[in-house]
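We have chain A; now place chains B and C onto it with these hints.
Just so you know, the sequences run in chain order A, B and C. According to our numbering, the first sequence holds residues 30 to 149 in order. According to our numbering, the second sequence holds residues 157 to 241 in order. According to our numbering, the third sequence holds residues 1244 to 1329 in order.
These are calculated hints, taken from the structure and not from any lab test. All C-beta atoms, glycine included, are put in the ideal place defined by N, C-alpha and C. Where hints are given, some of them may not hold.
[Said to hold, decoys possible] Simulated crosslink set (PhoX-like; lysine-lysine; CA at most 20 Å straight-line):
id: 1; chain 1: A; residue 1: K123; chain 2: B; residue 2: K181
id: 2; chain 1: A; residue 1: K125; chain 2: B; residue 2: K181
id: 3; chain 1: C; residue 1: K1270; chain 2: B; residue 2: K181
id: 4; chain 1: C; residue 1: K1270; chain 2: C; residue 2: K1322
[As the list claims (entries may be wrong)] Here are the simulated distance ranges between beta carbons:
id: 5; chain 1: C; residue 1: A1295; chain 2: B; residue 2: T184; range: 34 to 40 Å
id: 6; chain 1: C; residue 1: E1327; chain 2: B; residue 2: E162; range: 47 to 53 Å
id: 7; chain 1: C; residue 1: K1270; chain 2: B; residue 2: R212; range: 39 to 45 Å
id: 8; chain 1: B; residue 1: G240; chain 2: C; residue 2: I1246; range: 44 to 50 Å
id: 9; chain 1: A; residue 1: S120; chain 2: C; residue 2: T1310; range: 21 to 27 Å
id: 10; chain 1: C; residue 1: V1316; chain 2: A; residue 2: K145; range: 30 to 36 Å
id: 11; chain 1: C; residue 1: E1327; chain 2: A; residue 2: F92; range: 53 to 59 Å
id: 12; chain 1: A; residue 1: G121; chain 2: C; residue 2: K1270; range: 16 to 22 Å
id: 13; chain 1: C; residue 1: A1295; chain 2: A; residue 2: A47; range: 28 to 34 Å
id: 14; chain 1: A; residue 1: S143; chain 2: C; residue 2: E1327; range: 42 to 48 Å
[Unchecked claim] Here's a subset of chain A near chain B, in silico, CB distances under 10 Å, partners left out:
id: 15; residue: M99
id: 16; residue: I108
id: 17; residue: S109
id: 18; residue: A114
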Amino acid sequence: METILEILGVIFISIGAAFLLLGSIGILRMPDVYSRLQAGTKASTLGTLGMLLGIGFFEPAWFLKIFIIMIFVILSNPISSHSIARGSCRSGIKPKLKETVNAYRDAMESCEESIKKDDK
Amino acid sequence: MELFFEIILGVVSLALILSFIRFIKGPTASDRVVALDTMSVTFISVLVLLGHMFNRFIYIDVSLVYAVLGFIGVLIIARYLEGGI
Amino acid sequence: MNIFTVILVVIGAIFMIVAAIYAISRKDLLVATIATSIISLVLSVFFFILQAPDVALTEATIGVALTTIIFVVTIRNTKRHEEEEE
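Looking at chain A on its own, in the form it has when it is part of the complex (with noise of 0.2 Å):
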């Protein structure tokens, strides 16, 4: 039994370590901000998630407080991850690729011709 648990620590921490390199990899790499935003948080995420899993099976004594840990970090990551990517498009940054669809700024701007209706 426990030579099973310790095969699938093993497999998870393996997998979540190279989550992060790749990740890490990623933010180095990209052209602008957005898409290191989506290289860097995402994976380090899933990265964090398999490494702490991992250990989770290696001491089974901790495996509440490790769970603990697992549900703060997938409640804060995207919300830190969302709040730099709408600071980022709010302080006027423009993406490196050609840009098709900015649903942000379309709703942006329905919302103020809104506003400027309420006001007539």
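Just chains B and C now, with coordinates in the frame of chain A:
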């Protein structure tokens, strides 16, 4: 099994180096905030790994505090870039 | 203390020195605040390796959250870019 954890620690250290190079190079402030966020999430897994290698249960608490409070700094810098606070 | 832990400590020391030089040489004060946050992040891991988890807990709370909030509020109330000296 000791050697496996040491090799994993080396791989994660390489990931930290690559994130730090982006912090040095990054042209705007948003790139540096992205690098800080990634380093902060990577350090959570480094702390849990070191707690397993030292074999102390109480060391997990530091990682828990990081997971709860670590994103507040990133959040407030992003609110400043947006123009609000 | 084995070889990869030593490598992690050396990498952390290099991070702290480079980030400190970066923080005092930039004209953009927001970038200096981010560099200060990285310094306290690595310093907390150092306290952890030196078997002092309570100090690491305090350093993580104050250095990552509180100092960043106070500096950013100060930058908002004054100005972001430092002026060139004559």
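Each hint tested on the structure:
For the suggested pair K123 (chain A) and K181 (chain B), the alpha carbons sit about 18 Å apart, so the restraint of at most 20 Å is met. Restraint check: the Cα-Cα separation between K125 (chain A) and K181 (chain B) comes to about 17 Å, which is no more than 20 Å; the hinted pair holds. Between the alpha carbons of K1270 (chain C) and K181 (chain B) the distance comes to roughly 15 Å, so the proposed pair stays at or under 20 Å and holds. With a C-alpha separation of about 11 Å, the suggested pair K1270 (chain C) and K1322 (chain C) falls inside the 20 Å cut-off, and the hint holds.
Take A1295 (chain C) and T184 (chain B): their Cβ atoms lie about 37 Å apart, and the range 34 to 40 Å holds. Between E1327 (chain C) and E162 (chain B) the beta carbons are some 48 Å apart, a value that agrees with the proposed interval 47 to 53 Å. Between K1270 (chain C) and R212 (chain B) the beta carbons are some 44 Å apart, a value that agrees with the proposed interval 39 to 45 Å. Restraint check, G240 (chain B) to I1246 (chain C): a C-beta distance of roughly 47 Å satisfies the suggested window 44 to 50 Å.
A hinted range of 21 to 27 Å holds for the C-beta pair S120 (chain A) and T1310 (chain C), which are about 23 Å apart. Taking 30 to 36 Å as the suggested C-beta distance range, the pair V1316 (chain C) and K145 (chain A) conforms, at roughly 33 Å. A hinted range of 53 to 59 Å holds for the C-beta pair E1327 (chain C) and F92 (chain A), which are about 56 Å apart. At roughly 20 Å, the beta-carbon separation of G121 (chain A) and K1270 (chain C) lies within the given 16 to 22 Å, and the hint holds.
Roughly 32 Å separates the CB atoms of A1295 (chain C) and A47 (chain A), a value that falls within the hinted 28 to 34 Å. In this structure the hint that S143 (chain A) and E1327 (chain C) lie 42 to 48 Å apart at CB holds, the actual value being about 45 Å. With a cut of 10 Å, the hint placing M99 (chain A) at the interface with chain B holds, because the nearest CB-to-CB distance is about 9 Å. Interface hint at I108 (chain A): satisfied, since its Cβ lies 7 Å from the closest Cβ of chain B, which is below the 10 Å cut-off.
Checking S109 (chain A) against chain B: minimum C-beta separation of about 4 Å stays under 10 Å; hint holds. Interface restraint check for A114 (chain A): the shortest CB-CB distance to chain B comes to about 9 Å, inside 10 Å, so the restraint holds.
In terms of the numbered hints stated before, the structure departs from none.
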